[in-house]
Amino acid sequence: MGSAIKHFVELVEQAGTVFEVANTIRGLVENHWEFPKGIDQNVNNLKRKRDELNGQKEDVESRIKSELRPRKKVKKEVDLWIENVKRINGEIPNLESKVRGSSFFSRGFLVKNVRKKEEEVEELLEKGRFSDDLVVNDLSWIGQVLPTPSLVVETIKCKKNEIMQHLRNDEVQKIGVYGMPGVGKTSVVTLVNNELLKGEIEFKIIVWVTVARNCSVIELQNKIAKAMNVSISEDEDETLRAGMLSEILSEKGRFVLILDDVWERFCFEKVGIPESSKGKLVLTSRSLDVCRRMDCQVVKMEPLSNEDAWTLFSDKVGQNLMSSIDLQPIAKSIVERCAGLPLVIVIVASSMRGEDSFPIWRNALAELNRNISSIIDIKDKVYQQLRFSYDRLKDQKNPKLVPYLCIVS
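When we follow our numbering, the leftmost residue of the sequence shown carries the number 1, and every step to the right adds one.
Treat the hints with care, since some could be wrong.
[To be verified] Derived lysine-lysine pairs resembling BS3-like cross-links, with alpha carbons at most 25 Å apart:
#	residue 1	residue 2
1	Lys252	Lys76
2	Lys72	Lys127
3	Lys278	Lys226
4	Lys49	Lys98
5	Lys316	Lys332
6	Lys75	Lys86
7	Lys116	Lys57
8	Lys127	Lys174
9	Lys75	Lys174
10	Lys57	Lys75
11	Lys65	Lys112
12	Lys252	Lys204
13	Lys223	Lys278
14	Lys65	Lys75
It should be emphasised that the hints constitute simulated quantities derived from the structure, not laboratory data.
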């Protein structure tokens with residue numbers, strides 16, 4: 001009798017376990033299984049919405065392409081949205097494959113998955129309607145676009161391209177651009193600066209510094225730091241300041257340091273300019289010796305060809321004026337006296353713009369012949385300015401104001 005009762009209890013316990021398992025299975029089915037009627041249509045709807053999402057993604061990427069500029073980057077939320085679209089594009093084919101290859105019963109477990117994926121796509125479609133700009137300022141960039149020089153002719157462009165080639169060459173770390181005053185050194189490196197800021201070569205830090213004559217190490221350190229919007233120690237210890245500046249430049253990554261108007265050789269280590277594969281140096285100087293002593297790849301700025309000189313002069317003085325048969329010979333003589341120096345050509349041409357009096361042109365040539373030696377001051381480089389000064393002539397036979405050239409340094 002006792003054994004029978006024990007056996008009965010065991011049977012009851014086993015039945016309870018079976019019931020528990022059955023309840024568990026029933027719960028799983030109730031929670032995760034749905035009658036799969038119309039699931040194929042749901043999958044087709046999902047694919048249609050996915051195609052709509054991909055069209056939206058293409059539009060967003062087109063907007064990014066049009067908005068993205070040097071020193072700009074794509075907003076983080078936009079990047080994340082694109083990544084999510086890419087992710088869901090990979091998940092939908094897998095889900096479709098499961099639906100197509102499953103039995104009727106197994107499909108019931110995929111109904112909710114298809115519906116959930118549809119909801120994700122709809123949410124992405126809603127989030128992808130970006131009304132604001134898709135890009136923001138990239139604060140890791142340092143650099144400033146400079147006004148485009150008015151001296152740009154083929155000779156200058158060719159030199160710019162030569163410098164850019166050196167910047168692309170990993171074997172070249174330092175580039176020295178030299179030539180006489182007024183030949184276009186500053187103009188060509190200005191073009192290089194602006195070209196670099198377009199981002200065609202991967203430099204995020206473009207630093208422009210005008211060195212000038214008698215610039216001390218501390219002054220140069222301060223100028224470089226200011227150009228990068230950073231501060232270094234006010235301490236007058238050059239070595240300490242050099243260490244800080246070198247650390248800042250090294251941490252910034254790939255950089256180009258443009259030093260305009262260098263008069264004397266200086267030690268990179270003393271200033272704090274790291275000589276590494278990450279950094280490039282471009283300097284301008286009147287002295288070939290300075291470029292060589294600083295171990296630079298030398299680029300010589302030559303005077304303009306006759307053709308380029310005439311093109312620049314005509315552009316600045318006005319093409320209509322140069323169509324005058326009477327003025328052309330004297331204008332060409334004036335251009336010849338400018339010795340192919342772009343700065344002088346622009347100064348002279350700008351001063352004669354709109355002037356169609358032959359006597360004034362003739363007098364201008366005479367004054368230019370007398371004053372050509374002072375047009376560029378070799379000792380002190382500043383940006384020269386052309387000014388017309390006039391002497392009132394009391395002689396009734398010469399009532400006009402006669403201009404002569406005066407260079408103000």
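Evaluation of the provided hints:
1. As the CA atoms of Lys252 and Lys76 are separated by approximately 21 Å, the hinted pair is consistent with the 25 Å bound.
2. Distance check on the hinted pair: Lys72 and Lys127 sit about 22 Å apart at the alpha-carbon level, within 25 Å; holds.
3. For a cut-off of 25 Å, the pair hint linking Lys278 to Lys226 stands: about 20 Å separates their Cα positions.
4. Of the pairs offered as hints, the one joining Lys49 and Lys98 holds, with about 19 Å between alpha carbons and a cut-off of 25 Å not exceeded.
5. In summary, the hint linking Lys316 to Lys332 is supported, as the alpha carbons are separated by about 14 Å, within the 25 Å threshold.
6. For the suggested pair Lys75 and Lys86, the alpha carbons sit about 17 Å apart, so the restraint of at most 25 Å is met.
7. This hinted pair checks out: Lys116 and Lys57 have alpha carbons roughly 20 Å apart, not beyond 25 Å.
8. Proximity of Lys127 to Lys174 is assessed by CA-CA distance (about 49 Å); at most 25 Å being required, the pair is judged violated.
9. Proximity of Lys75 to Lys174 is assessed by CA-CA distance (about 35 Å); at most 25 Å being required, the pair is judged violated.
10. With a C-alpha separation of about 15 Å, the suggested pair Lys57 and Lys75 falls inside the 25 Å cut-off, and the hint holds.
11. Our distance criterion of 25 Å between C-alpha atoms is broken by Lys65 and Lys112, whose separation comes to about 38 Å.
12. Pair hint Lys252 plus Lys204 holds up; C-alpha atoms about 8 Å apart against a cutoff of 25 Å.
13. Taken as a hint, the Lys223 and Lys278 pair is honoured in the structure, with Cα atoms around 21 Å apart against an allowance of 25 Å.
14. Under the criterion of a C-alpha separation no larger than 25 Å, the hint pairing Lys65 with Lys75 is consistent with the structure, at around 13 Å.
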